[in-house]
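Take my numbering: the last position of the sequence shown gets the number 1342, and nothing is skipped along the way.
Hints may contain errors.
[Unchecked claim] Label pairs and their in silico Cβ distance ranges:
{"id": "1", "residue 1": "Leu1226", "residue 2": "Ala502", "range": "22 to 30 angstroms"}
{"id": "2", "residue 1": "Met1014", "residue 2": "Val294", "range": "47 to 55 angstroms"}
{"id": "3", "residue 1": "Thr684", "residue 2": "Leu940", "range": "48 to 56 angstroms"}
{"id": "4", "residue 1": "Thr684", "residue 2": "Gly1020", "range": "39 to 47 angstroms"}
{"id": "5", "residue 1": "Lys352", "residue 2": "Arg325", "range": "16 to 24 angstroms"}
{"id": "6", "residue 1": "Leu581", "residue 2": "Glu412", "range": "53 to 61 angstroms"}
The set of hints was computed from the structure by calculation and includes no laboratory data. Fair warning: this is a prediction, and the values are worked out from it, not measured in the lab. In this text, a Cβ means the ideal position worked out from N, Cα and C, and glycines have one as well.
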Amino acid sequence: MFRRSFNRFCAGEEKRVGTRTVFVGNHPVSETEAYIAQKFCDNRIVSSKYTLWNFLPKNLFEQFRRIANFYFLIIFLVQVTVDTPTSPITSGLPLFFVITVTAIKQGYEDWLRHRADNEVNKSTVYIIENAKRVKKESEKIKVGDIVEVQADETFPCDLILLSSCTVDGTCYVTTASLDGESNCKTHYAVRDTIELRTVESIDNLRAAIECEQPQPDLYKFVGRISIYSNSLEAVARSLGPENLLLKGATLKNTKKIYGVAVYTGMETKMALNYQGKSQKRSAVEKSINAFLIVYLFILLTKAAICTTLKYVWQSNPYNDEPWYNQKTQKERETWKVLKMFTDFLSFMVLFNFIIPVSMYVTVEMQKFLGSFFISWDNDFYDEEINEGALVNTSDLNEELGQVDYVFTDKTGTLTENSMEFIECCIDGHKYKGVAQETDGLSQTDGPLPYLDRADKQNREELFLRALCLCHTVEVKTNDTVDGVTESAELTYMSSSPDEIALVKGAKKYGFTFVGVQNGCMRVENQRKEIEEYELLHTLNFDSVRRRMSVIVKTQSGDILLFCKGADSAVFPRVQNHEIELIKVHVERNAMEGYRTLCVAFKEIAPDDYERVNRQLIEAKMALQDREEKMEKVFDEIETDMHLIGATAVEDKLQDQAAETIEALHAAGLKVWVLTGDKMETAKSTCYACRLFQTNTELLELTTKTIEESERKEDRLHELLTEYRKKLLREFPKSTRSLKKAWTEHQEYGLIIDGSTLSLILNSSQDSGSNNYKSIFLQICMKCTAVLCCRMAPLQKAQIVRMVKNLKGSPITLSIGDGANDVSMILESHVGIGIKGKEGRQASRNSDYSVPKFKHLKKLLLVHGHLYYVRIAHLVQYFFYKNLCFILPQFLYQFFCGFSQQPLYDAAYLTMYNICFTSLPILAYSLLEQHINIDTLTSDPRLYMKISGNAMLQLGPFLYWTFLAAFEGTVFFFGTYFLFQTTSLDENGKVYGNWTFGTVIFTVLVFTVTLKLALDTRFWTWINHFVIWGSLAFYVFFSFFWGGIIWPFLKQQRMYFIFAQMLSSVSIWLAIILLIFISLSPEILLIVLKSVRRRSARSNLSCKKASDSLSTRPSVRPLLLRTFSDESNIF
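Throw the hints in and build the complete structure from the sequences for me.
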């Protein structure tokens, strides 16, 4: 919201729709026309949230939007305005502490952003003005300025490349800071400006750029440049992403470039990508809100009971107005309803500490500090990329321990995305290695389309040329080396590993792509001759078209179109009689787990090309819907092509991918693979990574199974009904837990493709038929694994959304490595990005980022498990200790005539949550390991014990609540019975109500702290320090607070109370006895658990021999550890 306001302020009346016109060098294009400078945003980057002037009001407004903070503000105002039994300090000071700590944290973070902004805004740049290099600060750049950038410098704003030091006007750029891709990308200047390499010549340029308004997509740009000269009319050239240099990218392997600023400051693509992702809320956060409502109801009930009983008590005139406390005339005349309301508010103030105000700040600190443990985990470090795990948001740490469904991509996630060319097929002949062998299958499919060896060789060379020309691979060579670079020195670069593998595959058979020079693609053939092909047009691969095409012109003048893509995208566009020869190989390669692509070509007649070229130029010059228009033209020309052959590329399985999926299955998680690959390829990978076991029965809902019938919807309905009946017989509704039932019943897996999913989601059903989507979801819930193939990116997100909305709202996790996975990563509750070879788009948009898929095992089973247990214990403990704290105050009202007399001193009320009990639970929530890490890793079934938000359900909540009620009752009545003897000292001195309250408070502080000590299973020096240190601090503070006469206090009611209290042996014995009685249920529970564990270990030893003989017809390892062999997590 802040950035949008800022942009509106900077950009004047300009709206981010339509186009903008930029005059290069801010020079008018014609001397006869008047030049009016346009208003654009300046080049300042503002990532900070606050300024010195608005920090206080804006930060306070944001903090008081939180319900708990607002509630305590209301309580504080009530204390200030109404005559309440406690001082406003008791609620005001804790609130002030929480608000101050949060404000300091947020202010410091914003100061760091201010400092980073100033480093960027004050950096030095060089602008070309009046044929001179002028040194300026980066924030002074205006749209239209010509900027000079040297090698290894970052671009200060979004620039259109005008010229570089190279002859062909190219430059190399890395965008690691934008999308994480470290490989060099080549950018181009339009051919009319590449000669302008000097300051004088570039300053004389008169041109205007018309381009789209700023938008955040890093990979899209549409514009055109009109270049004016004295003698000729303006020359218009199209501009695209290859001409745009993005702010934050770095110039590499190029000495110098000149570019014109088109987007500056907060309108650069980098700045527009600052916007945060949609806020995700964890299940624990929702439970906290539910608990707050329950405790708020308890608070209101207590206040209502005390208010009612007060007026029942005062119905007796003697109780209402005793002789020693006569009412004033004003009190007698006060309206009774108003007095009752005031009393109700007073009781609410007295009991308000049942709502833990400091819990929110403790939870925030726990999440923030706890997230570092993921970043610091050396097991997540990957030596290959020299990086570890990254936490993009700490708000979802505990959600890692609650995942029900895992949605994973295949390529680059389960596999290495490190492609190796295996074989190819040309007109039915298979080529593997360097020798050619004839495949008997294809010979039986009919006569080959060529009759002699020369024709066969021409087809082979045509296929290999297609591999060398139909791609976007760049060649990295040394600077300004004349002649052809030797093949051994060539380094191929591409955003897609598939393309590099295919180019290397062609090289293996004698055709080497050596680069692009002066707009011509150069290929070295088997005879070591250099062939040049003029690159006329390119339409890049995208996930919707699933193919890419190039149009090239040979040296003899022939115009050829080469197309490569998925078989489903290519087969409908080629001659039908050519498909069968290739289809057999494609299907066989897919069954073997290889990635397949089909290659086709078409010769274009000169007249046809003129028409197509005119349409493509018109589409390229369009500023609106340019890509759609180009795609439409290519769609028309990519018809009646000739199929040449197909390729097979191997993508190896990632290390420990199979073991990770096994562990996730054993943990009760359902794993779905969502991929765009062919069914056969994906199916083979799923068996290799053990998603499907050898005994898994597969249910298929694919185009192949549905097309057996004339009416697809009828066949689909028939299959859905059949599968549902089969699964309902296997898993009856009485099954208590599907997760535990998987190992006891036949396992089922489901395979569905994109077209069938569309049919399920969008089918037109009559009112009498069952809902397809409902039946489909019932089937999915009963299957241990699901494979979705041929999925478009949006379909992946649809699948995740569909599962998220199931009954019970299961927690979903998506993991992927590419831009096509971003939609499902953002849609799921938890998004994991793999730092893969397809760029870092997935990693940038994820909640957590890890180098490999295998790291998901420890992230969930260890970190997720521990995070959840820690924060669940933290939440329950906070409500428990506050109920223990406030229940004696409630009981005390029954013995003081409901006079709203406080039981505790104001200092104790204020410091209970801030100082006496805050640090032990924070240390526990950061360091506790109730189960050893190795045990959590080796026994994934332990993950099921905490699934479904188990520790924050009604049962555990009632346990903690009743425990607090029991202990609070013991505190009060134990001390009450102690004080039945009015004199506890040898000198006969009688103790008063403040001693009574201090005894209860002392027992309270020691009990809740020792309760946490009993719960702690993993002791460190930090735990010892904060637990025993907190108790020592309480004793020290009580002596200090009661040992001095404080001049600012009107009443010295706590003077010498604590010291005199501890001089009594009776009180010492009472405190120790009450602490022991309060903790006796916990101690008894620990003893029973210890006996139970020993019994379980004994039984396990007896059965070890027999258990080792039992086998499962699956390849999963046996899990011998029983659930009883663990520490209780409740």
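Of the numbered hints stated earlier in the document, which are not met by this structure? Structure breaks no hint.
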